[in-house]
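Engineer: Letter by letter, the chains look like this.
Number of protein chains: 2
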Amino acid sequence: MRLAILAHEKFPDRAKTAVGLLRYTDHEVVAVLDRDHAGDHVADHVRDVQDAPIVAGIDDVPDIDAFVVGIAPIGGGFDETWRDDVRGALERGVEVWSGLHSFLEDDAEFAALAEEHDARLWDVRNPPDDLTVADGVARDLDATVVTTVGSDCSTGKMTATCELVEAARERGMSAGFVPTGQTGIMIEGWGLPIDRVVSDFTAGAVERMLVERAEEYDYLFVEGQGAITHPAYSAVTCGILHGSMPDALVYCHEANRGAVHGYESFSIPDVGEHASLYESLAEPVQPTSVVAGSLNTSKLDDTAAREAVEEFSTALDAPATDAVRYGCDEILDAL
Amino acid sequence: MRLAILAHEKFPDRAKTAVGLLRYTDHEVVAVLDRDHAGDHVADHVRDVQDAPIVAGIDDVPDIDAFVVGIAPIGGGFDETWRDDVRGALERGVEVWSGLHSFLEDDAEFAALAEEHDARLWDVRNPPDDLTVADGVARDLDATVVTTVGSDCSTGKMTATCELVEAARERGMSAGFVPTGQTGIMIEGWGLPIDRVVSDFTAGAVERMLVERAEEYDYLFVEGQGAITHPAYSAVTCGILHGSMPDALVYCHEANRGAVHGYESFSIPDVGEHASLYESLAEPVQPTSVVAGSLNTSKLDDTAAREAVEEFSTALDAPATDAVRYGCDEILDAL
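Protein sequences, first through last, are from chains A and B. According to my numbering, the first sequence is numbered sequentially starting from 344. According to my numbering, the second sequence is numbered sequentially starting from 344.
To be clear, the hints were calculated from the coordinates, so they are not data collected in a lab. Glycine included, each C-beta is placed from N, C-alpha and C at the ideal position. Accuracy of the hints is not assured; some may be wrong.
[Claimed, not checked] Listed next, the stretches of chain B that the computed footprint assigns to chain A, with coverage defined by at least 3 CB atoms under 8 Å from CB atoms of chain A:
{"hint": "1", "region": "513-525"}
{"hint": "2", "region": "529-543"}
{"hint": "3", "region": "565-574"}
{"hint": "4", "region": "612-620"}
[Said to hold, decoys possible] A few chain A residues that don't get close to chain B, going by computed Cβ distances all over 10 Å:
{"hint": "5", "residue": "Glu452"}
{"hint": "6", "residue": "Asp485"}
{"hint": "7", "residue": "Ala591"}
{"hint": "8", "residue": "Tyr669"}
When you get a sec, could you build the whole thing from the sequences and use the hints?
Structural biologist: In structure tokens form, the structure reads like this:
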């Protein structure tokens, strides 16, 4: 499929979904919409991802099969300055994907246009109605389940999971990605937005995905969310941990992050103690261990990055890497 | 208010909401509906609660102000054999309260009857639309927050919380109950059904209740849910733990329960280790400790019960009681 991705005024640093898609989707990105950078190319801003022209609006987008809202404002609502772009996409009859908290299908104009032009509206954060509580069966599956966990939100769990799946496949392993957030779901084309399911069904939703895919793959890599000690999001993390009943954990952290992002008065624990806490919390449900770590060193130069990875490995008492910068060999070897 | 409580074929042992209301509501229960026990009285089946006649159906119910669905079938749906009773209540123009997973207001006949007779349908498990993520502020509130936690579902957390509030008030303490489940919400007339909120908002919903009530009371007792190591429901428990940022925890357990109810292949951890795990999980967000325990000994004779409480106290390394059987002095003294 040919995609255009909306990222007005936020590309690339505040456009996590857009950059995630550019890096990991198998589809072709033919345009990024950012009125602040119209005329540039993606490659002018981000390395090691698909290149594409940056345009000002839908009228400058070539033929596409899907239009993606690739950013979210604070609060997760729809920004009215995007309306012309979404309207234009629907008038072309192409799919529109959105990871916003507020759903495009609840917008009367978009719903009407989608019906008129037979265009699919895909609100990826809208979970299905038939979710249930977990049966507690993930530990009985034949596939080896590996779940990424971490010290905070946005420490690189989705990225590390994507890198792990790619690297595992390069080694000839049968590896599947289990997406739990909007970017991962858009990359893979399926998945459940775990942070949006009813809290009673958190573990059950993860379990459902694993049961669905366990016969297809030998290894399933589950994208983690949040942190088990996050003051706001720990419920999501805990449900993923116990719902996935993983055989192994990969601990993700960002170099030099000492406080919880957006909750700066809360400190991030020592990573070794934190990793042990994940193990202690998992143990009564299904014993597992942190077998390796991935450190996001994107803000460091190479010398500092290598030192930071070494320190991180020591603190974790496990092999470590920066999955993006140095690859996943340490992690895959540890599995 | 005068209540009638529907509990067909399940009173009393499988009618947790009905029995909870009979024990703790300030309202007057004028009838329990159970076609299997029509003609009996509540007192024939349960001690130490309000007495009321048990009747076969709505036609035998005297004047009431509210009709309560006080049971839930497996799956939480509406049982069609109850339709005549709910219809009859709505035709009288009285409120109908329900804790079912499926909402009465989504039933076309009930919605129409409610409108026609100006009767309120209160689906207590239907959370409001405006919930948000936590701000992380519960630890800053002036009130002392006490949260009940436990080894499993149905170990007596709601009951212990109700008993604690009553006992605290008898001591002259300014104590409020923070309800997180359907029975507690019906008892108190307010609250948020934490297991039904979006998982991202779990901690935020608890925090909202605490913020609302913290100025009114010196002590807030938060009703816990599930267990931090429950294979299906741990997300809910974790959100309540971190959302409430409690000053103290009260650990609730049922004597002789060794496996997770409904998930019998999962063992319940040693209670001392389990209590420490709650503390370790809370610590990076807000340090707290298990100050006391309550053991449900309802299936034991008095000698065995006293021995079990003593053993439980030793395992927990904290004072313990059975809050229903022996009162709450040990717990309140420990606070």
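Engineer: The structure should be examined with respect to each hint, and the outcome stated for every one.
Structural biologist: Taking the hints in turn, this is what the structure says about them:
no. : hint    : in the structure
1   : 513-525 : violated (count 0)
2   : 529-543 : holds (count 7)
3   : 565-574 : holds (count 4)
4   : 612-620 : holds (count 3)
5   : Glu452  : 21 Å, holds
6   : Asp485  : 18 Å, holds
7   : Ala591  : 18 Å, holds
8   : Tyr669  : 28 Å, holds
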